[in-house]
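Enquirer: As a plain string of letters, each chain reads:
There are 2 protein chains.
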Amino acid sequence: MARFFMAGTNILGGMAILKGRDAEHVHVLRLRPGEDVIICDGQGTDYKCRLVKAEKEQVEAQVLEIVKCPAEPSVKVSVLCGLPKGDRTDYIIQKSVEAGAEEILFFQSARCVAKPDKPEKKLERWQRIAEEAAKQSGRGIIPQVSWAGDLAGALDAAVQKDLALFMYETGEREALNRVLEENRNIATAAIITGPEGGFEPFEADLARIAGLHVCSMGDRILRCETAPVVALTALMYATGNLS
Amino acid sequence: MARFFMAGTNILGGMAILKGRDAEHVHVLRLRPGEDVIICDGQGTDYKCRLVKAEKEQVEAQVLEIVKCPAEPSVKVSVLCGLPKGDRTDYIIQKSVEAGAEEILFFQSARCVAKPDKPEKKLERWQRIAEEAAKQSGRGIIPQVSWAGDLAGALDAAVQKDLALFMYETGEREALNRVLEENRNIATAAIITGPEGGFEPFEADLARIAGLHVCSMGDRILRCETAPVVALTALMYATGNLS
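Chains as they are written, first to last, in our numbering: chain A, 1 to 243; chain B, 1 to 243.
Bound-form chain A, shown alone (with noise of 0.2 Å):
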């Protein structure tokens, strides 16, 4: 069923009003009066709603039920990477929002090629990307895009958490299964991956300094892009949110 996003706000007296661009989706969806919809709150409720009026500039719609999203995880995980080059940070955020992540960061670390002056310009479309990856996925949130600056912010904003996660290619590393075992009751979690070159050995040592579990994902070495949804499709399973 077609999903889209509001402030809960603007569901008022069991109606819902879409505009903009939603009510041009509506219309290139060539859904008509009648026609069910699920519009969410981004915060987790999802309305079910049926079209009662379907043009180009509005759409308005009858609120039929209303039910928590079921697709959000119990854990919130917040998805950290090196800033890798060109569209690998669309398919990061793309796949890490379906995934179930609760919020993506990019940080510049040692080995980050890519070192754009300002990366804050880029967050608008990217976040426009978590938002359609966020409608296609039935997610009850759209996840945020943010910039962490550099290593020691995004390991300050992991130690926040219930678990933090550093995913490292070499040297001494806890076994991620072992590390997630010991964790399954946890409430939020922070996941770090590097860019194309992985992480200095430095860099490793600052994140066991801070606390974080430095963890090894197996001998297979997996693309920058790969990692972080490999590792929050572990931390999912393991926590028991895939299934």
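These aren't lab readings, by the way, just hints derived from the structure by calculation.
A few of these clues could be false.
In this list, chains with the same sequence are indistinguishable; a pair is considered to hold if it fits within one copy or across any two.
[To be verified] With a cut-off of at most 30 Å between alpha-carbon atoms, the simulated DSSO-like pairs for lysine-lysine come out as follows: (1) Lys85 - Lys135; (2) Lys85 - Lys122; (3) Lys19 - Lys53; (4) Lys85 - Lys115; (5) Lys68 - Lys115; (6) Lys19 - Lys48; (7) Lys121 - Lys53; (8) Lys53 - Lys85; (9) Lys122 - Lys48; (10) Lys122 - Lys135; (11) Lys121 - Lys76; (12) Lys161 - Lys53.
Given the coordinates of chain A, work out where chain B should sit on it, guided by the hints.
Expert: Quick look at chain B alone, frame taken from chain A:
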């Protein structure tokens, strides 16, 4: 370390000879005599070698050590996907190889939008994608990419395995984590996922009748190119192959 695949029979008397594309690749990477590479026989054995000659046409390397490739998982997993549109096939191949698949097969099902007359023609290109991904991720084999024909062919292939999973989005399903936890000691497995529009109910019925586990991966709707890597990652995690 740079990685190359060649038949083990070409490694004779403690020397390995690389020619053609592989020799060119050594040249492109600017590797010089004295530097080390890994030459894998594609059967799970790695030959750690030192270059003794590195010319554009021919590269010679001395075998230093022979080890079992550590990247091969304990479970051989066949990933079978309803043929998607465009370059989603490439994505599925690349990510499935990274995530540890033994082979990738595509098939035609009821809701396939892509209906190439001769998918066999694409196999050569698909196989190259698998080889590149195998090199990058440090695999000990080059996973085979094949065409399984129709859903009946895919089901036939799947039921040969110790565990056969059919990922389905609606209706009566088993929870993936439950099925995986009850089948930790498997040697082979198959994962079937659908094309863009998913499967028809009758297709899920066919899978159930054939004896596959019709499984849910939760309430987030995964894109057709995301579902295989998420299911494969869950299986790798559950069988201890992600640590």
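Enquirer: Tell me, please, which holds for lysine 85 and lysine 135 at an alpha-carbon limit of 30 Å: within, between, both or neither?
Expert: Answer is both; intra-copy 26 Å and inter-copy 20 Å each pass.
Enquirer: Within a copy, between copies, both or neither: which one fits lysine 122 and lysine 135 at a CA-CA cutoff of 30 Å?
Expert: The answer is within: 20 Å in one copy meets 30 Å, while 32 Å across copies does not.
Enquirer: Go through the copies and call it for lysine 19 and lysine 53: within, between, both or neither, with a Cα cutoff of 30 Å.
Expert: within (12 Å within a copy, 68 Å between copies)
Enquirer: Evaluate lysine 121 and lysine 53 at a C-alpha cut-off of 30 Å and name the case that applies: within, between, both or neither.
Expert: Classified as neither: same-chain Cα gap 37 Å, cross-chain 49 Å, threshold 30 Å.
Enquirer: Can you tell me if lysine 68 and lysine 115 fall within 30 Å by alpha carbon in one copy, between copies, both or neither?
Expert: This pair counts as neither: shortest intra-copy Cα distance 41 Å, inter-copy 39 Å.
Enquirer: Taking 30 Å as the upper bound on the Cα-Cα distance, should lysine 19 and lysine 48 be classified as within, between, both, or neither?
Expert: Answer is within; shortest intra-copy Cα gap is 18 Å, inter-copy 63 Å.
Enquirer: Checking an output row: lysine 85 and lysine 115, CA cutoff 30 Å. Within, between, both or neither?
Expert: within (9 Å within a copy, 33 Å between copies)
Enquirer: With identical chains treated as interchangeable, where does the CA-CA distance between lysine 161 and lysine 53 reach 30 Å or less: within a copy, between copies, both, or neither?
Expert: neither (45 Å within a copy, 52 Å between copies)
Enquirer: Is it within a copy, between copies, both, or neither that the alpha carbon of lysine 85 lies no farther than 30 Å from that of lysine 122?
Expert: This pair counts as both: shortest intra-copy Cα distance 13 Å, inter-copy 28 Å.
Enquirer: If the cut is 30 Å between Cα atoms, do lysine 121 and lysine 76 qualify within a copy, between copies, both or neither?
Expert: Intra 26 Å, inter 44 Å, cutoff 30 Å: intra-copy only.
Enquirer: Reference check for the pair lysine 53 and lysine 85, CA-CA at most 30 Å: within, between, both, or neither?
Expert: neither (44 Å within a copy, 34 Å between copies)
Enquirer: Between lysine 122 and lysine 48, at a C-alpha cutoff of 30 Å, which is it: within one copy, between copies, both, or neither?
Expert: Close neither inside one copy (33 Å) nor across copies (43 Å); limit 30 Å.
Of the numbered hints given earlier, the model fails hints 5, 7, 8, 9, 12; all others are met.
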